[in-house]
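Participant: Listed below, chain by chain, are the residues.
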Amino acid sequence: MAAKAKPVPQVALGLEPGPFHDRLVAHNRQQAWMNWMGYASPSVLDTVEFEYFAIRNQSTLFDISPMCKYAITGPDAESVVNRLVTRDIRKLKPGRVAYCIWCDEDGNVVDDGTVFRLSETEFRLCCQEPQLSWLEDIGWGFDVQISDVTRDIAGLALQGPTSCALLKDLGLAGIETLKPFGIAGFEIGGAAVTISRTGFTGDLGYELWMEPGDALKVWDALMPAGKLRGLRVIGYEALEMARIEAGFLLPKVDFLSAQTVLRADRANTPYELGLEWLVALDKPHFNGRRALVDLSKQTPRRKLVAIEIERDKPAHNALVYHKKTREVGQVTSALWSPTCKRNIAYAWLEAPYGQSVTDNLWVEIYLQKEIRWQRRMARCHLVAKPFFVHPRRTATPPADY
Amino acid sequence: MSGRYDAIIIGAGHNGLVGAAVLARKGKKVLVLEARDHVGGMLGDASFRVAPLPYALRPEIARMLQLDQKRLHGAKPVETLAFGSDGPPLRIIGGQVTGTDAITEHDYAILHARLGRQARALGVMMLQSPPGLGKASLGEMAGLAKMALKMRLLGKTEMRDLLRIILSNAWDLLNDEIGDGPLAGALAMDATLGGAMGPRSPGTVLTLLYRMASQSSHGHGLRVMPEGGPDALVKALSDCVTSAGGEIRTGVAVEKILVDQDRAAGVRLQSGEEIAAPLVLSNASPKTTLLTLLGVEHLDGEFIRRCRNMASKGMVSRLDFDIAQMPSLRSGGKIEQGQRLVFAPTMQAIEASFNAAKYGDLPERPVFEATYDTTAKRLCVTAQFTPHDLKGGWTDDAKSALASSVMAALEEALPGLSSAVTASRVMSPVDIETGYGASGGHWHHGELRVDQLLMLRPFDGAAQYRMPVKGLYLCGAGAHPGGDISGAPGFNAARAALRDGGH
Amino acid sequence: MKYDAIIVGAGHNGLTAACFMARAGLKTLIVEKEDHVGGAAVSLSLTPGWTYSNCSYVCSLLRPEIIRALELPKHGLQVIPYEGGAVFDSKGGYFAYMSDHDALRRELIRHSPRDADGYERYSRAVMRQCRFIKPLLLRTAPDPASLKPRDISELLYILKRFHNLGAREMAETVRFWTMSIAEYLDQYFETPMIKAYIAGSGIIGTGLGPYSPGTAYVLLHHYMGEVDGAIGAWGFARGGMGSITQAMARSFEASGGEIRTGSGLDRFIVRDGKVRGVVLDNGDELYAETVVSGMDVRRTFIDHTDEGELPQEFVKGVKRYRFRGSSGKLNIALDGMPTFTGAPKDASFLRGDLHFLDDMAEIERAYDDWKDGKWSASPYVDFLIPTQIDPTMAPPGKHYATIFVQYAPYELAQGEWDNANREAFAETVISKIERHSPDFRKLIVHKEIRTPKDIEDQVGLTEGNIFQGELTFDQLLFNRPVPGYAQYRSPIKGLYMCGSSTHPGGGVMGAPGANAAREVLSDLGHRIDMGMSA
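Chains as they are written, first to last, in this note's numbering: chain A, 463 to 863; chain B, 354 to 856; chain C, 61 to 594.
For reference, chain A alone in the conformation it holds in the complex (with noise of 0.2 Å):
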């Protein structure tokens, strides 16, 4: 018989408000809304040029609370996540972070992210994707336990060259001793706050992690702070601009998660995306080991590069060609990088194009003027990667303006 206790309300429809959404409303002027993983992420709060210019010369602050937050821990924790991780992850210390990435069986990337550890025995994987099942399959069998922590961790990313001093006008003292990729507690605002030297932006910078309890409170403490320190609100579209000048790649945009492809040729191996340097195959055993032995020996099938485009505009969705005729590969990613002034590109070339044929290459570019579409091919260059990284993203301490 159904009991007479009162049904469960429907969960909510469309898009869910975070940790911090109270206050993106009231930056966000434009009103303009995207889906992160189910939450309202802003995309663009007024302006992008303006966000985006914030990132590379005052500091900016960006919500990433929507990202996939997991905690791994117990005795045999180093063995999982060394399990789970191509990277050798018995050399990362407590109170470090290192940007990972997980392959299949097969040798396919299946997400990257980072690995916090925050103690011998307690890590915490930040990604895009979410990951619990695949996580609870690569730690069957030993003694750890693995739980999804994303709605109990709200994340902020404070970027941009006065993020240090900003920091420090918060009293947060010796936030300048912290190293790229380090990790530290502090207190915002009475708020207990983890801060790691992380990001996205290929500048200085940093990501704050606090309990979603505690979200309004840093975030009031660092606004007004801010204000002396150039800190603005920023939306996803800024950030883009950001990530593809520093060299990261995105899933489901760049590269496909193995675990999400429908095609089976579409997933990557880390040698075709070029992330070899993530990978230690003489670590023991971890997940896709076998099969990368045997990729490392092969030419990969195609190869993801990073271009320069002769001319000034962006090669978005744009087909690559070898001699302007054979179609060799597209372009996933596209910008006119304001801060290099170069026109830049990710794109996939399907092999030898982009590994022993590198030159005459060009990228069929759609531009339209007044509603009129002009198709124009452009001379595009293999370089190296990533496209803009300045020195105060590692110096310390950091420059204090």
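Treat the hints as calculated values from the structure; they're not laboratory data. Keep in mind that the hints are not guaranteed to be accurate.
To be verified - Computed list of lysine-lysine pairs in DSBU-like fashion (alpha-carbon distance at most 30 Å, straight line): (1) Lys434/C / Lys711/B; (2) Lys502/C / Lys468/A; (3) Lys468/A / Lys553/C; (4) Lys220/C / Lys499/B; (5) Lys509/B / Lys379/C; (6) Lys553/A / Lys823/B; (7) Lys376/C / Lys468/A; (8) Lys488/B / Lys220/C; (9) Lys423/B / Lys503/B; (10) Lys458/C / Lys509/B; (11) Lys379/C / Lys553/C; (12) Lys492/C / Lys714/A; (13) Lys220/C / Lys468/A; (14) Lys711/B / Lys431/C; (15) Lys431/C / Lys503/B; (16) Lys208/C / Lys488/B; (17) Lys823/B / Lys759/A; (18) Lys759/A / Lys379/B; (19) Lys502/C / Lys458/C.
Got chain A; can you put chains B and C on it based on the hints?
Facilitator: For chains B and C alone, coordinates are given in the frame of chain A:
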């Protein structure tokens, strides 16, 4: 590390022994390690046998090992007595049945012969390594081509018929061809015994064909009673190993498979002793071998998931009744040595007893087969649909409930039997699991189903005997082609190992 | 009267075949025993003010290629996707299926974060299977025993597609096609209600339980459809399922076709192994060199063909062909919208398919009852109230409930499908619903009860099987309906089959009809593009 061996075989079941014999005859120095104090695995010894009435070894294997097949298949074929709800039992030997009407006799003979032909066509794959998916070798493709050719040689009608029934259920096939009754019941028992499927479950024609593919000097699809009993078969196999210079140690349990540089390096015994060898063949079930003996740290997450997902829910309990004086059959006559009694009056009855097992209950009226050992005066019962995951667990009460429901059915056919019982014992699927390294207590180490056959046996990525850690091979019933006493998995695994070693 | 082609039966497949043939310029006639067209896709008014989708009740499988080629929207067809769905358990809990991906994720997390992850993996796995099977639907299955170039090249086409899946997916495909839906779902989910919700799609219309191997494939039969490219989505045909066949009939007539209702087939006229026409039950004789039967294979060849005209093997195969009705249906006119104790007020998910289940074992037990020749004591029901979306089927404020019931046997072990048993069957269903919706019973204004026997008698589906025969492997692809005769042709020259008992089987898909038409037209030397290349 002590000693030097070319290969270690974990488990002295018949497949382990066959594998060891094949390697030893190729000049490999082999060591067979058996946790129990006798060899033979589920064939057992005088005290207890999981499989008291085996099928015959594949003739090709028996020939290669130079075994005396005539002796091993016994002087006469095993006769099946199929008991209906009343009246005298039907007597079945191969394609012959007596005790039913002429039309059924005729239809059954035709069906039996047809299934034999179809089973032989599929049986080509028995001694072949299953083809790799998407990367089959030339030899594997040749095996497939041979099977396709054999199927074509059946003729258009019979080939089409095979393709129609192959994934179908025994229920429909037998109802179409011979109608329900004790005869269909006996055949459906062949199709379902040891598995977690009822006669209505699609896939049971394939298991029937699997049984029909067994060959002996008395014909196909028959159990055999070796001269000297199952012990004679065990002895013949272990002699093959030792006469070729192989060594067998009993009473030593393997604790861990040792790995060095991603290669099998030997084993560590529970005593702590380590024995080195570059080749390790495991006759234990895939789950035991991989998840326990090897260890998950050497395996990828998806691989482990598939291993865990492998269907291996054991359904068979074995009951032994020691009998002071075997009574006569109600219908007259005595039970003879080497007869097989089947108590599955109809397919309907089998399906009904499967119903309870689906939900973790014991059937009210279990279906079972039995043999009587006239010298040991022991009635060995193999009761079907007694689930490994019994609700409330396999308590003494549950076991005695099973024993009395089996005895009740026996009593109907053999009046006075229950009062003649001097001792009895029940081995549940859980007992079989703990005693024989068979996960889930499953006879075949894993359900014989299309999704767990050929290149999917025991599961995707672990077929073809070779495990991800080089030098480690599966040689038990969990590997292709599967369970029963065919010896094929052991034989094929040893050959795969030899091929990899360049022999 | 002489026609180029006569189609027997104005069900959706007969109509589809007829449309394509008329469009190719054949003088085509459809004969139909009922007074209306539609077969199992009908909308009838049995009580003033209400229209029921008497048999089939939701739409997804109808191939978009057919909708376009026959210009069905121009002839009045509108398919509207429905949102949501839910399963209510006996403890007052529910699992709601939400069309909105994020809301669904929240709902899954509410039950189990692991299942939320599992759902992503599951839906991609099923999507991959849909991608594999879809192009096969509108192709004729090859005969693996044949050495004809066409069969060999078609077989190679399928093998190549299979091979292109890649090694992992090939293994997954074999598993998917042969596993039980229960075990398949156990790989992805831990919450019993979630599994039970999905498992229903694996058993609807079949004589199998969720634990039976082969039911995962049946799930695909309910997932491979789409509404406007949304794969797996289901919708209502505005005005009921009859509007599909009405649109087809209009399309057919617009191409010059002729429909005769009210008299059914008595027998085919066969001379010298060739079909010459049909004799209707009113005595009319109609002539054509091409006759296409939309009836199931048993009706066509056992009931309406002289056995002497057919090879023995074929007759044996037809007699063996399994129908096994397992489904019943209630159509109910409601005086208002019923409330559900388990559902929050104004829950949006009520606008979808509702079920009352604790777990998959409950469905399996329902199946066990059916095996014993009883209707399920606690049946699986697929309960929808289309009038929450479709304003045309009931007066404003009133509602229509379509209740599909699994399992009900064609033949009862005890007694007959007489009125008392029909009412008792309905009562079993209504009282089950009443446990979750206390006001349901008193809102009933009128009800139509359809047991498998009724479905057979009134619709002409043998034994009431909604797919014109079981969807088990022995009756799929080149085995459907009879091995060697799976390419729409029969042993009698000029006589074709186009019903759901041919590949790819049942569901309001239209594919058998379209495929049959293609074979007929190719035999007649027509080479027309049906706008259906894969």
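Participant: Please go over all the hints and tell whether each is borne out by the structure.
Facilitator: Each hint, compared with the structure:
The straight-line distance between the Cα atoms of Lys434/C and Lys711/B is roughly 19 Å, inside the 30 Å bound, and the hint therefore holds. Under the criterion of a C-alpha separation no larger than 30 Å, the hint pairing Lys502/C with Lys468/A is consistent with the structure, at around 23 Å. Proximity of Lys468/A to Lys553/C is assessed by CA-CA distance (about 66 Å); at most 30 Å being required, the pair is judged violated. Only pairs whose Cα atoms come within 30 Å are accepted, and Lys220/C paired with Lys499/B is accepted, the gap being roughly 20 Å.
Proximity of Lys509/B to Lys379/C is assessed by CA-CA distance (about 20 Å); at most 30 Å being required, the pair is judged to hold. Distance check on the hinted pair: Lys553/A and Lys823/B sit about 28 Å apart at the alpha-carbon level, within 30 Å; holds. Between the alpha carbons of Lys376/C and Lys468/A the distance comes to roughly 59 Å, so the proposed pair goes past 30 Å and is violated. Distance restraint check for Lys488/B and Lys220/C: the Cα-Cα separation of roughly 14 Å lies within the 30 Å cut-off, and the hinted pair is therefore satisfied.
For the suggested pair Lys423/B and Lys503/B, the alpha carbons sit about 27 Å apart, so the restraint of at most 30 Å is met. At most 30 Å may separate the alpha-carbon atoms for a hinted pair to count; Lys458/C and Lys509/B exceed this at roughly 59 Å. Only pairs whose Cα atoms come within 30 Å are accepted, and Lys379/C paired with Lys553/C is accepted, the gap being roughly 20 Å. Simply put, Lys492/C and Lys714/A have alpha-carbon atoms about 46 Å apart, too far for the 30 Å limit, and the pair is violated.
As the CA atoms of Lys220/C and Lys468/A are separated by approximately 55 Å, the hinted pair breaks the 30 Å bound. Restraint check: the Cα-Cα separation between Lys711/B and Lys431/C comes to about 14 Å, which is no more than 30 Å; the hinted pair holds. Between Lys431/C and Lys503/B the alpha-carbon distance is near 37 Å, which puts this suggested pair outside the 30 Å criterion. For the suggested pair Lys208/C and Lys488/B, the alpha carbons sit about 28 Å apart, so the restraint of at most 30 Å is met.
A hinted pair counts as satisfied when its Cα atoms are at most 30 Å apart, and Lys823/B with Lys759/A qualifies at roughly 19 Å. This hinted pair does not check out: Lys759/A and Lys379/B have alpha carbons roughly 34 Å apart, beyond 30 Å. Using a Cα cut-off of 30 Å, the hinted pair Lys502/C and Lys458/C holds, with the two alpha carbons roughly 13 Å apart.
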